[in-house]
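S.K.: Construct all of the structure, not just a fragment, from the sequences and the given hints.
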Amino acid sequence: MEQVYLDHNATTPVEPEVVEAMLPYLGETFGNASSVHSFGRDSKVALENAREQIAAFINSEPSELYFTSGGTESDNIAILGTAYQLKSRRNHLIVGATEHHAVFEPAEHLHEKENWLLDKLPVNSEGFSSAEELNRLIKDKTAIVSVMLANNETGTIQDIEALADAARSKGVLFHTDAVQSVGKISVDVKKLKVDMLSLTAHKIYGPKGIGALFIRQGVKIAPLFYGGSHEKKRRPGTENVAGTVGFAKALEIAGRRMNEDHRNLTELSDYFIEKVVDAIPDVVLNGPRTKRIPQTVNLSFVGIEGESILLSLDLEGIACSSGSACTSGATEPSHVLIAMGKPKVEAQGAIRFSMGRSTTKEQLDYVFEKLPPIIERLRSMSPVYERT
Amino acid sequence: MAQKVLVAMSGGVDSSVAALLLKERGYDVVGAHMKLWDFVDVGGDIYKDGRCCTIDSITDCRLVCDSIEAPFYVLNLSREFRSTVIDNFVSEYNVGRTPNPCVKCNSDVKWNEFLRKAEQLGCDYMATGHYAIIEKNGNGRWHIRKGVDGTRDQSYVLWGVSQEALSKTLMPLGEMKKTEVRQIAQKYNLRTAHKPESREICFVTDNNYRRFLDEWNEKRGNEFEPGEIVHENGIVLGKHDGIAHFTIGQRKGLGISHPTPLYVQELDTKTNRVIVGENDALFTSGFQANQVNWIGGSPDSGTFDAEIKIRYLHKPSAGKVTPLAKNRVQVEFFDKQRAITAGQSVVFYNGDAVLGGGIIA
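Protein sequences appear in the order of chains A and B.
Taking the working numbering, the leading residue of the first sequence gets 102, the next gets one more, and so forth.
Taking the working numbering, the leading residue of the second sequence gets 12, the next gets one more, and so forth.
Keep in mind that a hint or two might mislead.
Quick list of in silico lysine-lysine cross-link-like pairs, DSS-like style, CA-CA up to 25 angstroms [said to hold, decoys possible]: (1) Lys230(B) to Lys214(A); (2) Lys445(A) to Lys46(B); (3) Lys15(B) to Lys471(A).
So the derived label-pair ranges between C-beta atoms look like this [stated by the list, open to error]: (4) Asn216(A) to Gly161(B): 57 to 63 angstroms; (5) Met482(A) to Asn233(B): 34 to 40 angstroms; (6) Ser170(A) to Val51(B): 23 to 29 angstroms; (7) Asn219(B) to Glu215(A): 30 to 36 angstroms.
Read the hints as simulated data drawn from the structure, not as lab findings.
Glycine is no exception: its CB is placed at the ideal position from the N, C-alpha and C atoms.
M.R.: Pasting the structure below:
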């Protein structure tokens, strides 16, 4: 059976060049980067070179970049670390209504278990939030605002500069989850004026298990882990040297290819949207047509459940996603689409196709061959779908 | 092209072997686990092993499917399960009746929502690891027969399944003994081969149904009304904290002292009384049942003899069944039976064939 991978927002295959770069650090250069001997020094040099490269990529100082295990950990350190640092003076936080659970859940934990006040910054029907709205929500006691740069489900690119400006002008720290953005669009922490920014390697053809958190010089956060002086005590634990090297290499490739990737993916997604809308009635594009990460195409097939489409496509070898998967693998309706005010019949029938470097027109043509009959079959069984 | 079948997998040895056997027989097998409830809703211990709907059981299903090269999915049916099975379970107990949630789950969730999912995925059949046999009769109707392994037979919980649903169902374990099923699992090295079985109510994770009822009702603002415990001779013996906590034939937990053992005879919702009496008084022969479904087709006319089973572990006993209007029946056992309990299923058999069933009124 043909296999088509259209779930690049979930994760990406590691580029062979990245694997190549990592191999020495899974082999002969094995030293602990914190050791004083020559073995340690070799690893330490590789680690710091990687830090320098990655920092340069987002226009931060190397000293402002802290390695973590990935996006979820970076988000948790940003939210919880700020809250614990400021808890004697502040008790309120604001997160975007379409955030990833890696931001939502620590925020909800603070709200439910530690008496923090929590507001969610609403979005409009395309997923955008306004700085005026944020202004209204900020209180004297607000510690942090966290709003993601590009949304994982819809690709909506938020105007972070304006939102960060609103927070900073009131003395409130601003964090952005940029795991779906770094390496795909230009991300510059100085231009965005954010205090903290999460990034990860595996969404951009790097290895899993390595990410980073940019923390602007002067911003204080309480660590969540204790046990060593690694990462300046903000994230102790023996460094994942091979991971950081792979991360740096993945970004180097992304930088080299950014324009080309962007152009290809825009072309492919335009082709995809046009063909699907043409072939299948009652399809809605979720999120904006422009101002989005082009590889993300989120479509609602009115009157049917996304889960059934997802599983039927998988049985044909086509991998995509619907809503967010939980541990058990059961799908829940997307909180992102619900926050965007999508009617239930549209939110339930949403499917995210996310393309990548290896995606071809031929693969999309295979999808066009398989998708219409699946939609037709499911609609013929649907108690709620009425042909218009 | 091979016929496609969606196998309902709990994470136990039975459904694992069912999937394996169908694969061996050349079906295009897809495994699916029904996520029916969440620990946050039902309470209990999230780390307890061996139950379906836990992450560990899902992992077991996943790895079994991988070993037989079948795709595997988790289907979230918790909304449907709550609104049909759990709500019914609670409301039945609240009015002094003792429900069979598995029967309700079979007719309203498995052979309804799950079957719908199977059809949506383009499957020709759904399958389960029940010990029962489904076959088509000369008259064109689908019948259920008892599983060959008398100690495992599950035909009792299947009386509510519709003809349409039966026509699309495979039960590959019906002709097998449990020991054979375990042997096959071992032979193929399935990771569920030695898993102990669970026979309790899946969503009452600690087997403490009173705890479950109390929590569920409390969360929804329902309060139990205390009342009197009365001897059948009219003497008030004590107080109770709500009739939902009792079931017919129960002896323990009555909180009364009496020279002879007393058993719950009746739960009177009108007077909110728990009526108790001697063991002998629990034996009766006649009752009515409603919501009757005739698996073998409606009986031609009048009264007929059948073997009648009134709870999961009851040994069927002979009696007369008289169909009445509105899917009701009158049942008379030839020999009195102990603790005929309202809310439980009654199932009528002719030999090993299920004729039909209903809910004891």
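S.K.: All hints, please: hold or fail.
M.R.: How the hints compare with the structure:
1. Lys230(B) to Lys214(A): 20 angstroms, holds
2. Lys445(A) to Lys46(B): Within the cut-off at roughly 22 angstroms; holds.
3. Lys15(B) to Lys471(A): This hinted pair holds, its Cα atoms lying about 17 angstroms apart.
4. Asn216(A) to Gly161(B): 57 to 63 angstroms: 60 angstroms, holds
5. Met482(A) to Asn233(B): 34 to 40 angstroms: For Asn233(B) against Met482(A), whose Cβ atoms are near 37 angstroms apart, the range 34 to 40 angstroms holds.
6. Ser170(A) to Val51(B): 23 to 29 angstroms: 27 angstroms, holds
7. Asn219(B) to Glu215(A): 30 to 36 angstroms: 32 angstroms, holds
Going through the hint list in order, the structure satisfies each hint without exception.
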